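Visitor: As a plain string of letters, each chain reads:
There are 2 protein chains.
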Amino acid sequence: MTATIHTICVVGGTGAEGGGLALRWAKHGHRVIIASRDAAKAKAAADELNARLGGGTAEGADSASGVAEADIVVLTVPYQAQIATVQGLKDALQGKILIDVTVPLVPPKVTRVQLPETDSCVVAVQTLLGDGVRVVSAFQNVSAHKLKDPDYAIDCDVLVAGDDKEARATVMQLAVDAGLRGIDIGPLANSVVSESLTSALIWINKFYKIPDAGVRITGLP
Amino acid sequence: MTATIHTICVVGGTGAEGGGLALRWAKHGHRVIIASRDAAKAKAAADELNARLGGGTAEGADSASGVAEADIVVLTVPYQAQIATVQGLKDALQGKILIDVTVPLVPPKVTRVQLPETDSCVVAVQTLLGDGVRVVSAFQNVSAHKLKDPDYAIDCDVLVAGDDKEARATVMQLAVDAGLRGIDIGPLANSVVSESLTSALIWINKFYKIPDAGVRITGLP
Numbered sequence: 001m002t003a004t005i006h007t008i009c010v011v012g013g014t015g016a017e018g019g020g021l022a023l024r025w026a027k028h029g030h031r032v033i034i035a036s037r038d039a040a041k042a043k044a045a046a047d048e049l050n051a052r053l054g055g056g057t058a059e060g061a062d063s064a065s066g067v068a069e070a071d072i073v074v075l076t077v078p079y080q081a082q083i084a085t086v087q088g089l090k091d092a093l094q095g096k097i098l099i100d101v102t103v104p105l106v107p108p109k110v111t112r113v114q115l116p117e118t119d120s121c122v123v124a125v126q127t128l129l130g131d132g133v134r135v136v137s138a139f140q141n142v143s144a145h146k147l148k149d150p151d152y153a154i155d156c157d158v159l160v161a162g163d164d165k166e167a168r169a170t171v172m173q174l175a176v177d178a179g180l181r182g183i184d185i186g187p188l189a190n191s192v193v194s195e196s197l198t199s200a201l202i203w204i205n206k207f208y209k210i211p212d213a214g215v216r217i218t219g220l221p
Numbered sequence: 001m002t003a004t005i006h007t008i009c010v011v012g013g014t015g016a017e018g019g020g021l022a023l024r025w026a027k028h029g030h031r032v033i034i035a036s037r038d039a040a041k042a043k044a045a046a047d048e049l050n051a052r053l054g055g056g057t058a059e060g061a062d063s064a065s066g067v068a069e070a071d072i073v074v075l076t077v078p079y080q081a082q083i084a085t086v087q088g089l090k091d092a093l094q095g096k097i098l099i100d101v102t103v104p105l106v107p108p109k110v111t112r113v114q115l116p117e118t119d120s121c122v123v124a125v126q127t128l129l130g131d132g133v134r135v136v137s138a139f140q141n142v143s144a145h146k147l148k149d150p151d152y153a154i155d156c157d158v159l160v161a162g163d164d165k166e167a168r169a170t171v172m173q174l175a176v177d178a179g180l181r182g183i184d185i186g187p188l189a190n191s192v193v194s195e196s197l198t199s200a201l202i203w204i205n206k207f208y209k210i211p212d213a214g215v216r217i218t219g220l221p
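Taken in order, these protein sequences are the chains called A and B.
Residue 1 is where the first sequence starts when you use the numbering used here, and the numbers rise one by one after that.
Residue 1 is where the second sequence starts when you use the numbering used here, and the numbers rise one by one after that.
Do not rely on the hints blindly, as some may be mistaken.
The list treats identical chains as interchangeable, and a pair is accepted whether it falls inside one copy or across any two copies.
As the list claims (entries may be wrong) - Within a straight-line C-alpha distance of at most 27 Å, the following computed DSS-like cross-link-like pairs (lysine-lysine) qualify:
#, residue 1, residue 2
1, 109, 165
2, 206, 109
3, 209, 165
4, 41, 109
5, 109, 43
6, 90, 41
7, 165, 43
8, 209, 148
9, 165, 206
10, 27, 209
11, 41, 165
12, 206, 43
Derived from the structure by calculation, the hints contain no laboratory data.
These figures come from a predicted structure and were not determined experimentally.
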């Protein structure tokens, strides 16, 4: 079996989490487009990523152009920008898989779970986009700065939720391609688990004075 | 330092989860009262537990009498009975620690997270009881039938949430006394994590065809 190579557009890829994922996927051989509202900033981030990999093939683009090129789009913007960003890309996203990494953190109390009225902020995105986009929730619990070291073995699972089984399987493979283990946690509504867990992990980091609490699912073969 | 011995009343202790916790705490040396609306049923469960331990000191009682005797009360009733049970014990619970193990499962879709309007069903209990009771959320993610084997090393952490730090520390020690590891995950609002996680673990059990998915927090010393 030949590995599938995707064109992955990381919206918000100039940030730490998106940049780390982009780096790992580019290293694996995926075509990666770092996208931002500011195309020049995106291009600079792609250049830096390529330099770090010593010959990566990342590209930079404005968000609309990047999304148009991709078959998989990853959303890594702050919660406060999530809905507006998705609204602006609604037409371009049709037919694609959208991996939403958004965590509903409400500063200043980021160590306290504060869920939106819809319980899951990713479910709100699926509702906004409609059935033409397969929204999958993933990567909310992975430490951004450890992603940035492409060879670091991160001790954290990726909880993958979505209403389309095939899309979940695709995203679980992308977790593997990024050096992680994906765990299927079922329907998109179950994204509440990973969305709320991030606040608890930030709490744990502070309470136990550790840098990178993570999560593992046990009992699997 | 001498270990603290508590009198622990397990309301709903005739069920699998409560019975397993009662067994492990009795084995550790705590005074355990199994409580139920049906005192005879509670006494039969205590007798069975003592027989299993070959000389345990568990007792059975109706819920009100059991709670009156205890310094720590554990609530392990079905979600549908949670509020009514707590309402009936409100006065008896004042001044005590209440460990709420309730998971907001709404059959038949128990593999899907369906949070109550208050987001966390344990937070609703704290609101009902007022500040005179220190409510702590714990043990939602531990497989009941593995608790029933007192020597089995369960590969699952106990996520402990509550608004009182000392009460959280007490419950973390009770996790240790039951042969588990407690993890402080902060304020009671963060109980959303463990309450939602149970549905995901049930999903994982079905999806991966395994009996007992659990959770571990990584990154701790």
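Visitor: All the hints need checking, so say for each whether the structure fits it.
Guide: Going through the hints against the structure:
For the identical chains of this complex, residue 109 and residue 165 are inter-copy neighbours only, at 17 Å across copies versus 34 Å inside a copy, given an alpha-carbon limit of 27 Å. Taking CA atoms no more than 27 Å apart as the test, residue 206 paired with residue 109 passes inside one copy only; the shortest distance there is 13 Å, against 35 Å between copies. In this homomeric assembly, residue 209 and residue 165 come within 27 Å of each other (Cα to Cα) only across copies, at 16 Å, whereas the closest approach inside a single copy is 38 Å. In this assembly of identical chains, residue 41 and residue 109 lie within 27 Å of each other by CA distance neither inside one copy nor across copies; the values are 30 Å within and 45 Å between.
With identical chains, the CA atoms of residue 109 and residue 43 are never at most 27 Å apart, being 33 Å at best within one copy and 46 Å at best between copies. For the identical chains of this complex, residue 90 and residue 41 are intra-copy neighbours only, at 23 Å inside a copy versus 59 Å across copies, given an alpha-carbon limit of 27 Å. In this homomeric assembly, residue 165 and residue 43 never come within 27 Å of each other (Cα to Cα): the closest approach is 34 Å inside a single copy and 48 Å across copies. Proximity of residue 209 to residue 148 under the C-alpha cut-off of 27 Å is restricted to the intra-copy arrangement: shortest distance 21 Å within a copy versus 34 Å between copies.
In this assembly of identical chains, the alpha carbons of residue 165 and residue 206 lie at most 27 Å apart only when taken from different copies (14 Å versus 36 Å within one copy). When the C-alpha separation of residue 27 and residue 209 is checked against a cutoff of 27 Å, the pair qualifies neither within a copy, at 32 Å, nor between copies, at 33 Å. For the identical chains of this complex, residue 41 and residue 165 are neighbours neither inside a copy (35 Å) nor across copies (45 Å), given an alpha-carbon limit of 27 Å. For the homomeric pair residue 206 and residue 43, neither the shortest alpha-carbon distance inside one copy (35 Å) nor that between copies (44 Å) is at most 27 Å.
Comparing the model with each numbered hint stated earlier shows that hints 4, 5, 7, 10, 11, 12 do not hold.
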